[in-house]
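Enquirer: One line per chain: the protein sequences are V and Z, in this order. The C-terminal position of the first sequence is numbered 231 in this note's numbering, with every residue numbered one higher than the one before it. The C-terminal position of the second sequence is numbered 1646 in this note's numbering, with every residue numbered one higher than the one before it.
Careful, some of the hints might be misleading.
For lysine to any residue, the following SDA-like pairs were computed, each having C-alpha atoms within a straight-line distance of at most 20 Å [said to hold, decoys possible]:
#	chain 1	residue 1	chain 2	residue 2
1	Z	K1379	V	L53
2	Z	K1574	Z	T1562
3	V	K64	Z	S1377
4	V	K80	Z	Y1316
5	V	K184	Z	K1310
6	V	K74	Z	D1567
7	V	K64	Z	K1310
8	V	K74	Z	G1375
Stretch-level coverage of chain V by chain Z, calculated; a stretch enters the list once three of its residues show a Cβ under 8 Å from a Cβ in chain Z [said to hold, decoys possible]:
#	segment
9	52-64
10	73-84
11	163-172
12	202-213
In case anyone wonders, no lab produced these hints; they're calculated from the structure. Heads up, the beta-carbon is just placed ideally off N, CA and C, and yes, glycines get one too.
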Amino acid sequence: MKKLGIFPLLFLLAGCTNSTVLNPKSTTGKEQAFLIWFGLGIMLFVLVIVFFLLARVVINYREKKNGLEEYRPKFISPKKQRKLELIWTIGPIVLLIILAIPTVSTGLKQSPVAEAESTMDGVHIDVTAKQFEWTFIYETDKEKHNILLLPEGEPIILHLSSMDVIHSFWVPELAGKVDLVPGKPIVYRIENPEIGVYKGKCAEYCGVQHANMTFTVKVVAKEEFEEYIAK
Amino acid sequence: MNWSEITVHIPFFGESIFLTIDVFIAWILLIVLVIGAIVYAFRKRKFPVIRDYLYTTNHRKVGTLYMIFGFIFFLRAGLDALFIRLQLALPNNNFMDFQLEKYNETFTSHGTMMIFFAAMPMLIGLMNIAVPLQIGAKDLAFPFLNAVSLWLFVAGGVMFGSAYFLNSSPAIGWTGYAPYSTAVYTPGAATNFYVFGVQISGLGTIFAALNMIVTIVRHRAPGMKLIRMPLFPWASLVTSFLIVIAFTVLAIALYLLMFDRLFGTSFFGGEEGDPVYWQHLFWFFGHPEVYVLALPAFGLFSDIISSFSKKPIFGYPAMVISLALIGFLGFMVWAHHMFTVGLGPMVNTFFAVTTMTIAIPTGIKVFNWIFTMHGGSLKTTTPMLFAIGFIPSFVMGGVTGVMLAVSAADFQLHDTHFVVAHFHYVILASTILGIFAGLYYWYPKITGYQLNETLGKWHFWLFLIGYHMTFLPMHLTGMQGLPRRVYTYGSDEGMTALNFTSTIGASLMGVSIVILVWNIWQTNRQGILVGDDPWDGRTLEWSVASPSPEDTFTPMPFIECTDPFWDAKTKGQKLKTAPNPRPAPIDEHTVLPFLMALAVLVIGFGLIYQSYLTAGIGGVAIFALFIIRSFRDEHTSFHKEGARHE
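Here chain V stands alone, though its shape is the one from the complex:
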């Protein structure tokens, strides 16, 4: 049992090191990756305790083949029981409070907001989705399908809306996803993207060609970006 428990954990950790989401290329993505690591760290601590206790109990208290007549259940004294129960009630509360602090602070900062409430500075881009195509409109009214150019190092303010069903905008390397809901434009902010070419996907099931509703994101130098949108 013990071996069985630890093997998958190693497997999990080994795989994390080269994952897209955990090696992000923007400040927003890095904050999110930190939260995933932080959560994983605390939770691995819990897992190790549970696996250790379970393995010990299962190994130590297996039925003895011959000694069944002598078997008397060993009980923990009521005083010790109360102590134990307090430990595993308060312990998790403490751990969760530690996890809740970055959750609340990052969550408040990063959550997408309704368009009316937003007054943010940065490069504004309208993102419109329809079955199965993305349209990106820049501040110069330049319109482009399925290719998104972003300037390096700037705050990007995305204004997202859908023309038909619900879609979801996701570039794993840059930031988490945000839904495009018809009739409810919302605003999402990506901080400080790094130069590179990334794959974007629709992450909310939207119909037959959902899997193929992808787009390409190119993060380029600022001058190149301005030249591009001016054309």
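Following the hints, put chain Z in place on chain V, whose structure we already have.
Expert: Relative to chain V, chain Z alone:
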């Protein structure tokens, strides 16, 4: 060969049905199976048995039927899962015609059938079988209603299942998100099958929950206070309250969607409507539903762990309180499914924190299970193996749940295979392992036989290894950027090996299910009776005969402690009996519940194909059945018969 181009045309309700080749093969298989079953029933003279079960209202028989039909739908949904995994085994794969729409249909059927027609019915089946026996009730409070619940579930399941055979499987995901599920984007019969299939079986589920609540509150043996009740009935009670609230909300959501689809309203789409309303309603049902699936398994594992550790459950009051707390908190977390919808920072943060709090009562339960085993004498029977396997697996699913509760982290993990891994980890560990454990544990009470332990252990190990092999890599593919519900991925995305591992794991689970079916077949064929108490149990169900007779608990036991049967055994005494037998619910032999469900099925099909005449005929039929029912009263005939015997 291009599979999707080979089609067969059949006229149906004024529409022409195109059968793709896989559907055609499925039809042939179905017909062969049905003919095989009829021939088998003839040769073995099984028709009296079939008739008996068709007419029965007895809790064990109804429960058995729940298990049988639930298991059939489980096999069907399991096949869907295998097809999904075969399609995803390799990058840019083309497995038969399971791409694009067919793939979307497959994951929709897989999710919907597993939740509504496999997991829940099998749990309700176990409740039906075990709860009355554990609390000393002679039957459920309303036996007739119980049969109605069963047949409504079967009607809903058969209706949903038939969509595939009519080549109009819904393809909207089990969550049925609007506006994609409205008539604008998915016109036609397919999505209607989802709406009416789930609605009809949901109605049965609500009845079953009401029945369970009344039974547990009103029909416990004398002396069995609520605080002396085993934990499985406790979990069933809390679950039933969750069902009554959550399924009512689902019924409302489905009604609104029905109006949107059939009668031109626009609750979830158009200018006035809002698709986010659907998400609120759906997840207000959907999240408690997760606990509807998990809590009965918690209760069941508590009883099994206590039995095979030869110790009473550790911290019984804490176990009951945490059950209730989980149920209560379950209603305060639904928006964590909607972090990316743009409800705003305050809402996201609130629901992130409430979601985390659920970990506390759940943690209490886990430690209490471990400390129940501490100091005991563990007998590693198959049910106990499933219970021991459940703890680490479930905790692994639980911790990813806490990670997902972190709203900003969820922006990345939401709707990826990480989430797929998370919910399969929790649901398979609790519900499916729980159902298997319950099946092995109570099989003697259902049939009088005990399932083969060697095959049972093979089943357990193969399933557990397959399960971890399938879902552990999905955490990684999700973080690698694989969204859920896509039928393909690129070979350059670095997830080929992980996906292939998942597919091997899924087929291992498939093999383990074959072993289970073989085990059931062999056990029933050999037919070795094992007596009333094969597991050396602690609770009341082991004091009645195996299989449990229709007239249990005469004389009625009198309960003075938890684990009364164990207490009596260790003292070398018989169970104390109560002087006055209690008035018990009265069983009936009637085909009305079956006919009622049949009538509802007709209404459903009429509405699905918008043939209102057909729906009207179904409506008249069910109204007539209500009138017939109101003139029949099993109480009068029961007491007349009693008078004649005297």
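Enquirer: For each hint, tell me whether it holds in the structure or not.
Expert: Going down the list of hints, with the structure as the test:
Between K1379(Z) and L53(V) the alpha-carbon distance is near 18 Å, which keeps this suggested pair within the 20 Å criterion. Pair hint K1574(Z) plus T1562(Z) holds up; C-alpha atoms about 15 Å apart against a cutoff of 20 Å. Among the hinted pairs, K64(V) with S1377(Z) is consistent with the structure: their alpha-carbon atoms are about 7 Å apart, no more than 20 Å. Restraint check: the Cα-Cα separation between K80(V) and Y1316(Z) comes to about 15 Å, which is no more than 20 Å; the hinted pair holds.
The straight-line distance between the Cα atoms of K184(V) and K1310(Z) is roughly 59 Å, outside the 20 Å bound, and the hint therefore fails. Annotation: proposed proximity of K74(V) to D1567(Z) holds, straight-line Cα distance about 17 Å (limit 20 Å). For the given pair, K64(V) sits about 13 Å from K1310(Z) by alpha-carbon distance, which is consistent with the 20 Å threshold. For the proposed pair K74(V) and G1375(Z), the alpha carbon gap of about 4 Å is at most 20 Å, so the pair holds.
Counting residues of the segment 52-64 of chain V whose CB falls under 8 Å from any CB of chain Z gives 8; the rule of at least 3 is met. Counting residues of the segment 73-84 of chain V whose CB falls under 8 Å from any CB of chain Z gives 6; the rule of at least 3 is met. Check on the segment 163-172 of chain V: 6 of its residues sit with their Cβ under 8 Å from a Cβ of chain Z, so the three-residue criterion for coverage holds. For a cut-off of 8 Å, the count of residues in the segment 202-213 of chain V with a CB near a CB of chain Z stands at 10, and the three-residue condition holds.
In the structure shown, a violation is registered for the earlier hint numbered 5 alone.
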